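**Q** Take a look at the letters that make up each chain.
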Amino acid sequence: MNRVRAEQRLGWLMVGPALLLMMAVTIVPVLRTAWLSLEDYSLSAPDERAFTGLGNYREILASQAWWQDLGATLILTVTSVGAEFVLGFALALAMHRVLWGRQLLRTVVLVPYAVLTVVSAFAFRFAFQPSVGFVGGDFNWLGETWSAYTVIVLTEVWKTTPFMALMLLAGLVTVPGEVYEAARVDGAGAWQRFWRVTVPCVRPAIMVALLFRTLDAFRIFDTVYIQTQGAVGTETLSFLSYRFLIRDLEVGLGSAVSVLLFVCVALIAGGFVRAFRSELGGAR
Amino acid sequence: MQNLLRLAVAALTALPLTACAAGTGSEGPVALTWWQGPNADKPTQAAVAACTRDGKYTIKVETLPEGSDKQREQLVRRLSAKDRAVNLITMDVVWTAEFAEAGWILPLPAGTAATVTEGTLGGALKSATWEGKVYAAPLLSGSQLLWYRKSRAEQAGIDPAKGELTWDELIKAAGGLPEGQRGVATPGNRYEGYTVFINALVASAGGQVVDAQGKPGLDSDAGRAAAGVISSLATGPAALTGISTLDEETMRAAFEKGEASFMTNWGYVYAAAAERAAKEPEFKKVFDDYGWARYPRVTAGVPSAPPLGGSNIAVGAGTPEDQRDSAFAALACLTSTQSQKGFMLDAGIPAARSSVYDDAEVRARFPFADVMRDSIAEAAPRPMVRKYNALSTAIQTAFHPPASVTPETAAKAGAALAEAVGQ
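Going down the list, the protein sequences come from chains A and B. For the first sequence, our numbering gives the first residue as 1, with consecutive numbering after it. For the second sequence, our numbering gives the first residue as 1001, with consecutive numbering after it.
Just so you know, these hints were derived from the structure itself, not from any lab. The structure presented is a predicted model; accordingly, all values stated were derived computationally and were not measured. Incorrect hints may appear among the rest.
Unchecked claim - Listed next, the in silico DMTMM-like pairs over lysine to aspartate or glutamate satisfying Cα-Cα at most 25 Å (straight line):
1) B/Lys1133 / A/Asp47
2) B/Lys1070 / B/Asp1346
3) B/Lys1150 / B/Glu1164
4) B/Lys1257 / A/Glu181
5) B/Lys1150 / B/Glu1179
6) B/Lys1279 / B/Glu1321
7) B/Lys1172 / A/Asp138
8) B/Lys1412 / A/Glu144
9) B/Lys1215 / A/Glu144
10) B/Lys1284 / B/Asp1322
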């Protein structure tokens, strides 16, 4: 008994430094942000710093910018994750089924994911530049709302579909071959096998893939920063927080936006977990 | 085990301490650090060499990233943390109010102020002053001119060289040129340069984006006149396809290519074109066709108020007491007439002192020197307010995209601006 306790103590001691470091670099900043969000604090007016309680939140939720940016963020999230899911599933099925050149296919599919977001954002921006880019032509893609959204979503989809495909492929691999055989013996067609066997079996993988990508997509920043700087109605919530914090030096307001962003992300995660509860239970 | 932990803790605490210790050697000459923008390496080194010759102080140059937004992002973090190594700062002309009000830069002592302001052009001097005190030494200035292809202007039947052209006349005449040459390139992307443009239009129409008391003045005749010009540029016969993303570089590209026969831009476009003409004989013909004139007017008969750019050098408030005298001396030296001439010749950016424009070498390289000097002297500075950045974003957003601008935009922008600066 004594030995177990001693080992436990040793265990704690060994993870202790790492734990402290993690606390220092994650929990402390989070708490500090939460505290700053309750202050009226601008870096360029250090003497006027004051506690305002929920004042910043009231100001943000009453502003047009917040709701506009929330709308933009939701549109970008839903369209890009939707497209990524459909394409990713198709790619995952192809990668799963194909027998010849499997390694090569998997490598090729994964290449875009290895490219930095900033780099792919620039690549798409240059491609769509009027008269210079190879897609650009005579039309100013990043100068109109609908087309700017198209370019941003395309960039996101190109870049992260491989991630989606990889996650779904991991799910597909776990489906035992006997299930398909049994379904075939019972006379199920290809379509039926897909909907009745494949989809239910990979639901846990779908849930994880969608959750990860949605949370990621909701915090979209770099593509927008590079391609439009939030112009023509493409400003997202992360960009709003950047604008307040880094550009306008409004530490209080910016922190409040960050906290609200955190709440949104938590709500999305909670929603997913609730919707897929049975799958999560089944997966464990 | 315990020893190991102690060792780890000791290592963690000691690291930052030794890092600090390295920065505070007080022996020898005072070590100053100059935070300077990129693209002017040669004149920067020359100025440093000239100013440190007598060995009273040394100057280490830290190069900031490209673009004034990114430079400011870097600097404000250090300044608000009272960084002792931010001694000399090259500042964009619009930062003065914010930096001074926040207590990040020191007002210049009377003697230094007298030295650095002597012979300095009006616009540049105003940009270095906040609430009656001189906070920075003007180094470089610059104003936008109307650049045009001489042959095309002739074809269109106008003579911009007189400097009396109005925007309406310009757009109408340019619109009469053949397809693919009609463009009048003006900033249209949602960025600082668009604020520069809007501010110049409002000022040219006799108004002010923000008055001396900080009250917005966009909901006015001048604001509506500015909106009218933008609207006819974006939707009129001289509109360019990419107007909503045009910035200095894309305007220059459109002008060099010939899609635009006219553009408003800074002086650097001339040096850039000269360089290209030296390399490409084909382009030489285009370069020889370059014409320049005073910025267009909004109202006929009323001289325009051209945009003002440039940079000033200030002393960071984190500079330790015993280094401040050296910092002020260095600032006066770095912005001397000789140094400004070096920057003008080697980096192509116009000087802030009037006398530099009389220099024979400068006149040979900058045939537009006189127009530029007058333009800077009569330029309209952008608003001097602490929350300049928020104000600028509000203006850009309200007026973007240019094709959506109507006379009502002025009132909308005024309201957004009032909200942004909290008036």
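**Q** Next step is simple, just say for each hint if it's right about the structure.
**A** Okay, the hints, checked on the actual structure:
1. B/Lys1133 / A/Asp47: holds, 20 Å
2. B/Lys1070 / B/Asp1346: Given that 25 Å is the threshold and the Cα spacing comes to 24 Å, the pair holds.
3. B/Lys1150 / B/Glu1164: holds, 16 Å
4. B/Lys1257 / A/Glu181: Violated - the C-alpha atoms of A/Glu181 and B/Lys1257 are around 66 Å apart, more than 25 Å.
5. B/Lys1150 / B/Glu1179: holds, 18 Å
6. B/Lys1279 / B/Glu1321: It is violated: about 51 Å lies between the C-alpha atoms, which goes past 25 Å.
7. B/Lys1172 / A/Asp138: Holds. B/Lys1172 to A/Asp138 sits at ~23 Å (cutoff 25 Å).
8. B/Lys1412 / A/Glu144: Status holds; Cα separation ~20 Å.
9. B/Lys1215 / A/Glu144: Since the Cα atoms of B/Lys1215 and A/Glu144 sit roughly 32 Å apart, the hinted pair is violated (cutoff 25 Å).
10. B/Lys1284 / B/Asp1322: Violated: B/Lys1284 and B/Asp1322 sit about 54 Å apart, past 25 Å.
Going down the numbered hints, you'll see the structure goes against 4, 6, 9, 10, while the others check out.
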